[in-house]
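Taken in order, these protein sequences are the chains called A and B.
The first sequence begins at 1 in the numbering used here and counts up by one.
The second sequence begins at 1 in the numbering used here and counts up by one.
Any given hint might turn out to be false.
It does not matter which identical chain is meant; a pair holds if it fits inside one copy or across any two.
What the hints assert, rightly or not - Derived BS3-like pairs (lysine-lysine); straight-line CA-CA distance at most 30 Å: (1) K201 with K36; (2) K125 with K78; (3) K78 with K201; (4) K78 with K36.
Don't read these hints as lab results, they were simulated from the structure.
Protein chains: 2
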Amino acid sequence: MPAERDRQHKDAIARRGLMLVLSSPSGAGKTTLSRKLLEADPGIELSVSVTTRKQRSGEIDGRDYHFIDAQRFETMVKRGELLEWAQVFGHHYGTPRAPVEAALLSGHDILFDIDWQGTQQLREKADHDLVSVFVLPPSMPDLERRLRRRAQDSDEVIRARMATAAEEMSHWAEYDYVVINTDIDRAFAEVQTILAAERLKRERQTGLSDFVRRLQAQL
Amino acid sequence: MPAERDRQHKDAIARRGLMLVLSSPSGAGKTTLSRKLLEADPGIELSVSVTTRKQRSGEIDGRDYHFIDAQRFETMVKRGELLEWAQVFGHHYGTPRAPVEAALLSGHDILFDIDWQGTQQLREKADHDLVSVFVLPPSMPDLERRLRRRAQDSDEVIRARMATAAEEMSHWAEYDYVVINTDIDRAFAEVQTILAAERLKRERQTGLSDFVRRLQAQL
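Only chain A is shown next, with the shape it has when bound in the complex (with noise of 0.2 Å):
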C-alpha cells in the first residue's frame, strides 16, 4: 500500500529522497526489517558502501560492497567524499556521497543498516534528508532467545553480546521514531508506515510548489 501510494504520487508530484536510517541493537530484528522492506518497497534501495577488507567467495563488488585498497580510502576520506567510515577488526568501511546524492535529487530512497556511530555522523552532513529508526527488543530474555536461535555461541559468548546490546541501546534518544520489536509483522509495518508518511512530508515534495502554481493557473 505505501509503494502504492508512492507510485501515484510521482506521477504528479516531484519528491526528494530520503535516507532512512534502521538501528538496533544485534538481535533486536534490524537486519530482518531491511531485507523485508527492500522486498516490499521497489523505492527504496540499500546503501552500498566501499570498504577496504577482502573480497569474499560469494560477494559481488559493486552489489556487496565496493572493494578499494587502502589509499583510495584515505583519498575519499581526505576529500570528503565519505558520508560516514569507521574502523572494524582493522579493516574500514564507508558510505560514498556521490551515489545518495544522486538517488535523493531523482527521488529514491536509500536504506542505511548501521550502527548510532554512522548514524551520528550521518546527522551531521545530511540532517534534513535523514529519517532515523531505532528498533528494541520488548524484553532482554527475548533478545537472548534470538541471539541464542541464530548462533551456537558459548554462554560466555551470549553473555557479551548481551551487554553490548545493553550499551547500544542506551543511543535510542538519538533517534527520530522507535519501533519496539514484539512481532515482527507489526514492527514491519511501523516502519513502513514511518517510511510512507515522511514521503508525505511538504519539504521532500518538491514539485508542489509548481503543482499550486498550475492549480491557481486554472482559475
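Assemble the complex: chain A is given as a structure, and chain B must be docked to it using the hints.
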C-alpha cells in the same frame, strides 16, 4: 490498523498526545477527512471551541461549542486561556488551552479542523505537539465540481469561493505534510499513515526512558 497498533503500544509505553491540524481550501475535503478520522480512530477527539455566537437549534453546548458571552471570552483572551482565536462575522471563536493540555498529558490526540490563520497561532504556542497537514484539491475544475455539488450557489458565489480557495491554498508551505485529495479513500489512508507515524516519534513516547532502563536492569 493504526488504531490497533496504537492500543497495543499504550499497554507498554506511555505517550504524550499530539495536536493534528487539518487545513484546506473550502471544498478540498478537510471536513470529510476529519469526520472519517473521528469515526475510525478512538484515540483522537475533535477540539471543542468556545464561541460568543448564539446557540442554534440542534447544537449541544459542550459538544458542538462551549457557548459563552463576550465578557467571558475577553477574560479568556487576557488570561492566555485560548490557544488561538478569531473573529468571524462579528462573533468570536477560540480554542481553550486547558482541555487540550489535559488530553496531551493523558496520551490522547486532538484534531483541529481550522484554517491557516488558526494554525499559525497554534504553531507559536505548541510547536512540538503540532502535526499540521494541508489538503489540496487535484485540480481547480475538480474543486469547482465539489463546491457545486454541495450547494445551490449562483455562478457568482462559486467564482468568489474559488478565488478565496486559491488564496487559502497559498499557505500550503507552512504545513508539515501535504496530501492531495485525488481520491478520498487514498487521502484518508494518507492522513491515518501520518497520524500513526507521528505517534511513533521518539519524543512523544514519554515512557521509553523507563522502558529502556527496565530492559537494561534485566541483565
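| task | Check each numbered hint against the structure and report the violated ones by number, ascending. | result | 3 and 4
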